[in-house]
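Letter by letter, the sequence shown follows residues -9 to 242 in the working numbering.
Treat the hints with care, as some may be off.
Quick list of simulated restraints, FRET-style, between CB atoms [unchecked claim]:
#1 L97 x H220: 50 to 60 Å
#2 A12 x S188: 53 to 63 Å
#3 A12 x N219: 40 to 50 Å
#4 H74 x H220: 32 to 42 Å
#5 I72 x I116: 29 to 39 Å
#6 A12 x K175: 39 to 49 Å
#7 F179 x L86: 43 to 53 Å
#8 R6 x N213: 13 to 23 Å
#9 F237 x Q84: 49 to 59 Å
#10 I214 x F179: 16 to 26 Å
#11 T238 x R6: 29 to 39 Å
No lab work stands behind these hints, which were simulated from the structure alone. The beta-carbon is built from N, C-alpha and C at its ideal position, and this holds for glycine as well.
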Amino acid sequence: DNDGVIDSNLPGEGDRAYSFLAVYAPWRDKTAAGKPLALNIGIESKRLGTYFRSPANPTGIADRELLRGFASLRWSGMDVQISHGRETDNVNNQALLPRIRTYLNSLSVGYAPPLPARKDPARMPITPWYGHPYYNAALITTDQDVTQAGGSLSTGSLHATRNLSLSANFAYPMWSWSIGHVLGKDDDFTNLASDTRSRSTQFSANMRLGQKLTVGPTIQWNNIENRDNHSGDSKTLLTGLNLGYAFTQRLS
């Protein structure tokens, strides 16, 4: 009965799952303005039953049915990826449980200008004073609706989230640094949880000292605003330091 306790007086429940993923590349050896142009289009469909468990896939979330389409386009350092999917729980349509439908959307745009051609392949590439950049912008949205009432949930809008992230990374032959900013919006339409707005800014670097030691400092500012009760607002400062050392080729 999904209470986390094995019921010795009930028979075992059997269930099934499947997963299907297909990717099609319609353009082969295609170029635009003298530069390679690549397009991939894909579709994913999977269903994990309510009672399905698999030791071969312990991270698989049971009671999920997903249909998703996605595409990616790459040209001259530009990388665009888009995805749209619909996920539903209560796969076995149990009458006492609610059914929630979630629409998942994502859009990511990245750009890294090509490095200039090297006359001597043995030498390190020459980068501008600001390093070799990579820029990225990503938008992720989820919208949840209750399509079958059950428990304390009635049909209608349930939850909506929006996350916009902007980041830039600059790489040099021996070190790199990056900065990123994330804006978040979380709305609950059941009045059971608070609506929140969040802002996060992160700065990090990664440096190689010698041939074996790497050092990576990180600092992050988080600001969460509770729209229903400002006493729940929070501001957080996080700092961290990653250290890595390669003792041998087999141990680090």
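Quick check: does the Cβ-Cβ distance between I214 and F179 fall within 16 to 26 Å? At 19 Å between Cβs, range holds.
Determine whether the Cβ-Cβ distance between L97 and H220 falls within the hinted range of 50 to 60 Å. violated, 32 Å
Can the suggested window of 13 to 23 Å be confirmed for the beta-carbon pair R6 and N213? Violated: the Cβ-Cβ distance is about 45 Å, outside 13 to 23 Å.
Could you say whether the range 29 to 39 Å given as a hint is met by the Cβ separation of I72 and I116? holds, 35 Å
Can you let me know if the beta-carbon spacing of F237 and Q84 is within 49 to 59 Å? The hinted range 49 to 59 Å holds for F237 and Q84, with Cβ atoms some 54 Å apart.
At the C-beta level, are F179 and L86 separated by a distance inside 43 to 53 Å? For L86 against F179, whose Cβ atoms are near 22 Å apart, the range 43 to 53 Å is violated.
Could you tell me whether the CB distance from T238 to R6 stays inside 29 to 39 Å? 47 Å Cβ-Cβ, so the 29 to 39 Å window is violated.
Supplied distance hint 32 to 42 Å, evaluated on CB atoms of H74 and H220: holds, 35 Å
CB-CB spacing for K175 and A12 relative to the 39 to 49 Å hint: violated, 33 Å
If I claimed the Cβ atoms of A12 and S188 lie 53 to 63 Å apart, would that claim hold in this structure? Taking Cβ atoms as reference, A12 and S188 lie about 36 Å apart, which means the hint is violated.
Does the Cβ distance between A12 and N219 fall inside 40 to 50 Å? Holds, since A12 and N219 (Cβ atoms, about 47 Å apart) stay within the stated range.
Comparing the model with each numbered hint stated earlier shows that hints 1, 2, 6, 7, 8, 11 do not hold.
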